[in-house]
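For reference, the chains in residue letters:
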Amino acid sequence: METLQPADIAYWLFLISLGTTLGITVGAIPGLTGAMLIALTLPLTYSMQASEAMMLLVSMYVGSVSGGLITATLLRMPGTPASVMTTLDGYPLAKSGRPGRALGLGIMASFAGGMISCGFLVTLARPMADLSTKFGPFEFFSLVMMALVLIATVGGNSLSRALFSGLFGILCAMPGVAEATGEVRLTFGFEELNGGLKLLPVLIGLFAVSQAITEILHLGETAERIEVRDEKLFPPLADWLQHGWNMFRSALIGTWIGILPGIGANIGSVAAYSTARSFSKKPELFGHGSEEGIVASESANNATVGGALIPLVAMGIPGSVIDAILLGALVLHGLQPGPLLFKNSPDLVYTIMGTYAVANVVMLLFLLLAAKHLARLVDVPRQLLIPVVLTFCIVGSYALGNRFFDVWVMLLFGLVGFGMERFRIPLAPFVIGFVLGPVAEANLSAGLMSSGGSWLPLVTRPLSLTFLLLSLGMVAVPLYVRRQQTQPG
Amino acid sequence: MPRAVVHAILLAVIALLVGADVRSRMKDEGVEYPGRPIKLVVPFNPGGGSDTFARIIKAGIDENKLLPQPLVIINRPGGSSTIGSRYVRDAKPDGYTLLMLHDALITAKYAGNVTYGPEAFEPVAGTGKIDLVVAVHEDSPYQTLDDLLNDAAQKPGEIVYGVNMGAPAHFLALRLEAARPGVKFRYTQAGDGTDRLQKLVGGHIQAATFSATEYLSFREKGLRGLAIFDKERRASLPDLPTAVEQGVDVVEVNMQYWWLPKWTPQDRVDYLADVLRRAMETDTVRKKLDELQMEPRFLAGAEHRANLVEREQAAASVGAQPKPDLPDFPLLVGGALVILLGTIAVGGKSDERIPTARFSPLAIKRVGGLLGLSVLTVLAMTFGSPFAWTASGFVFLAGLLLSTTRPNWLVLAETALLIAFGIQFLLTNVVVTDLP
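If you're matching them up, the sequences are chains Y and A in order. Under my numbering, the letters of the first sequence match residues 9 to 497, in that order. Under my numbering, the letters of the second sequence match residues 28 to 463, in that order.
Keep in mind that the hints were calculated from the coordinates and are not lab data. Even glycine gets a Cβ: it sits at the ideal position worked out from N, Cα and C. It cannot be assumed that every hint is accurate.
Stated by the list, open to error - In silico contact screen, one side only, chain Y against chain A (beta carbon under 7 Å); selected entries:
id, residue
1, L175
2, E449
3, A454
4, G461
5, L464
6, L466
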């Protein structure tokens with residue numbers, strides 16, 4: 009083991025601070041999301057060490073989930089989808105003349121949620137990785153199927169639209185050389201497609217370009233901002249104690265929802281918020297400036313980050329859209345995500361965990377210092393912001409493979425993403441399908457080859473059967489419930 | 028700070044950045060090969076034998092400064108190494124994209140996975156020597172190669188053998204089948220060495236081929252070697268008998284070969300061959316290969332080409348293999364998509380309707396204009412328009428297009444130049460990547 013140099017530690021702290029502050033800034037600007045920032049930063053980390061790249065990217069993840077609370081509280085605009093629930097109580101509390109208190113509680117809960125889920129990340133990841141080394145190809149296939157179904161059922165309103173999105177993602181990942189046989193398929197004569205569609209141009213297009221188009225359509229709309237005067241932001245110890253249980257419960261819910269593949273911070277925050285309301289002594293305050301509501305929402309959405317990192321480092325299965333990008337980052341930096349990541353690159357796994365903890369601390373400090381001023385970021389003129397973002401999109405998609413083909417792919421998927429949103433087809437299942445489809449196919453192929461073409465092991469192997477039954481249940485139950493609702497009596 | 032001061036500072040920074048660009052453009056002219064980082068494509072996952080070997084050579088080159096530019100390793104796994112090899116085959120023949128791939132480049136062609144073989148590349152050199160090992164899990168009943176082959180002859184097609192379809196690991200097993208009549212394995216795609224190890228330990232396959240380097244590093248994780256396929260035992264594995272010793276007449280030794288795209292100028296091929304030769308002679312490489320008990324063999328030029336011909340003949344003798352019988356996945360997914368689309372269309376009435384928000388014609392014109400502008404910009408860059416100037420033009424024009432009020436020309440121009448030249452500076456000086 010090499011000895012740690014002070015210069016190295018300083019550089020690492022710099023990277024984490026940079027990542028966290030950039031993440032918070034982007035999170036605080038409505039219209040810019042963490043997924044966008046991380047996808048656009050990834051090409052820049054090309055020449056970095058894998059561990060340093062992960063420090064930067066993971067801290068951006070942490071920051072971007074936290075930054076949304078500022079605009080949610082002061083402008084009634086969730087900076088990121090993760091803080092939608094914070095808007096409900098944060099804004100009324102701020103409006104009633106206590107903006108500092110609303111921000112302070114949000115910051116406190118974000119920090120606590122992050123640290124609690126960090127504890128789970130450290131303790132749960134290893135056992136989960138060990139468990140999954142027992143998985144064979146059929147188990148992995150069923151697990152991936154479960155992930156795909158899960159995101160479709162929990163993520164959106166319309167099951168068929170979400171499933172469509174997921175399957176469309178799988179189909180888009182298919183052109184190129186088939187993993188199992190080495191044959192080229194679905195390239196329609198484009199030699200450039202032999203390597204398949206790359207994750208990053210597709211993601212940049214889906215999230216950044218389509219968002220830019222939406223922003224242009226809404227140019228000229230402004231929001232009213234609540235000014236924070238010299239209130240003290242850091243909540244006193246009494247608050248920490250009073251909200252302790254709520255923070256812990258919400259963090260637990262957030263972590264658990266984060267672990268489930270494909271569902272992001274917004275669902276975690278909704279679940280914790282409703283739980284807090286049903287346990288609350290004053291449920292009538294929710295939606296009118298309830299402190300508990302702010303705490304539940306912010307603690308949970310930060311906790312999903314740690315939760316989502318668990319299946320990522322343990323099994324190579326992304327728990328959210330941003331995790332899908334982080335997965336791409338691991339591959340780009342020559343690391344194989346999967347159950348053996350712990351064995352082959354333990355340093356990297358601990359780097360991710362350590363970064364997560366440190367980034368939470370940086371987030372706390374930075375928000376306490378700067379939250380009051382960050383709300384002004386909304387005033388950045390859109391006509392400057394959008395062209396700059398588009399320039400980054402072009403550079404980002406080009407720099408990965410040095411091919412203009414990827415830039416065209418990015419622009420095309422910008423239109424695809426905009427079209428999908430227009431027709432209310434959620435984007436998240438597409439990304440998860442795009443990332444997990446090839447994994448599912450490779451495992452199913454390997455399984456079928458080892459069973460001599462028989463599909464039976466899918467249901468005769470207990471773990472595989474369990475996963476399949478769970479996914480079936482997840483489709484059947486919502487359908488059943490809906491049927492009951494539409495047929496009165 | 029007064030506004031004028033801010034503008035002055037901004038303009039000064041822009042002047043510096045533009046100046047740096049102009050200077051580097053003047054310097055770039057007539058630059059000697061290699062003038063930028065060379066990409067080394069390794070078509071396997073990190074941690075495997077090939078990747079380890081590539082990183083040893085890279086360390087030898089870096090530590091002894093044998094190349095004036097960095098050698099960047101890019102792992103492009105998948106498709107039994109054909110994804111990586113195809114990438115290099117299709118790369119520009121300018122000497123900046125290098126492939127390191129062992130006999131898989133030959134076997135992939137004879138397995139029918141791809142239509143090209145060594146003839147589609149410029150062979151640079153052959154380095155190192157790869158021994159192959161057949162291994163089972165330590166709890167396996169097979170103690171010798173004979174045990175495995177006898178059982179495979181008694182239960183033809185039942186013992187699951189993990190290979191990379193069409194790769195040398197697969198061809199070795201095929202040669203085993205040819206050497207002992209009646210032996211028949213059931214092959215399954217098991218990716219690279221780490222993947223095979225995981226599947227062996229998990230009990231999903233019963234036997235697999237590893238390179239000796241992989242075997243040495245995985246041995247403690249629960250592997251038992253049955254045979255090695257050189258003519259004699261290896262010094263580092265004195266207890267591992269050869270196949271010949273066990274009465275199975277199969278000798279198979281691979282090498283790591285280095286390839287450039289076809290039509291790369293010969294002087295660049297020779298230049299890299301020379302770098303590799305000197306790298307193989309460095310203490311760094313010698314010491315690391317010693318630790319792995321790997322012979323520092325080196326082949327280049329005519330000798331190298333003759334060896335390749337020989338290897339191709341050996342692969343041709345086993346012949347093409349039938350494709351594994353797998354369902355047509357794209358068709359399945361496509362079919363499911365069509366069905367879902369039908370469901371959405373039919374159920375659409377009861378579902379929430381598509382949002383009917385209408386946008387002003389002006390907003391729609393803006394979107395159209397911006398997309399057109401983006402397409403023009405990318406086209407211009409494709410045809411060699413310098414990046415920074417094109418990008419600043421794009422930001423400036425797009426900003427004009429999107430302005431809802433009277434545009435502030437100065438701010439717009441400053442932003443455009445600052446962003447475009449800033450990105451260029453960042454990408455060419457701070458993090459080293461290519462720009463359009």
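Next item on the list: State the violated hints by number, sorted upward, taking the hints as numbered earlier in the document.
Entry: 5, 6
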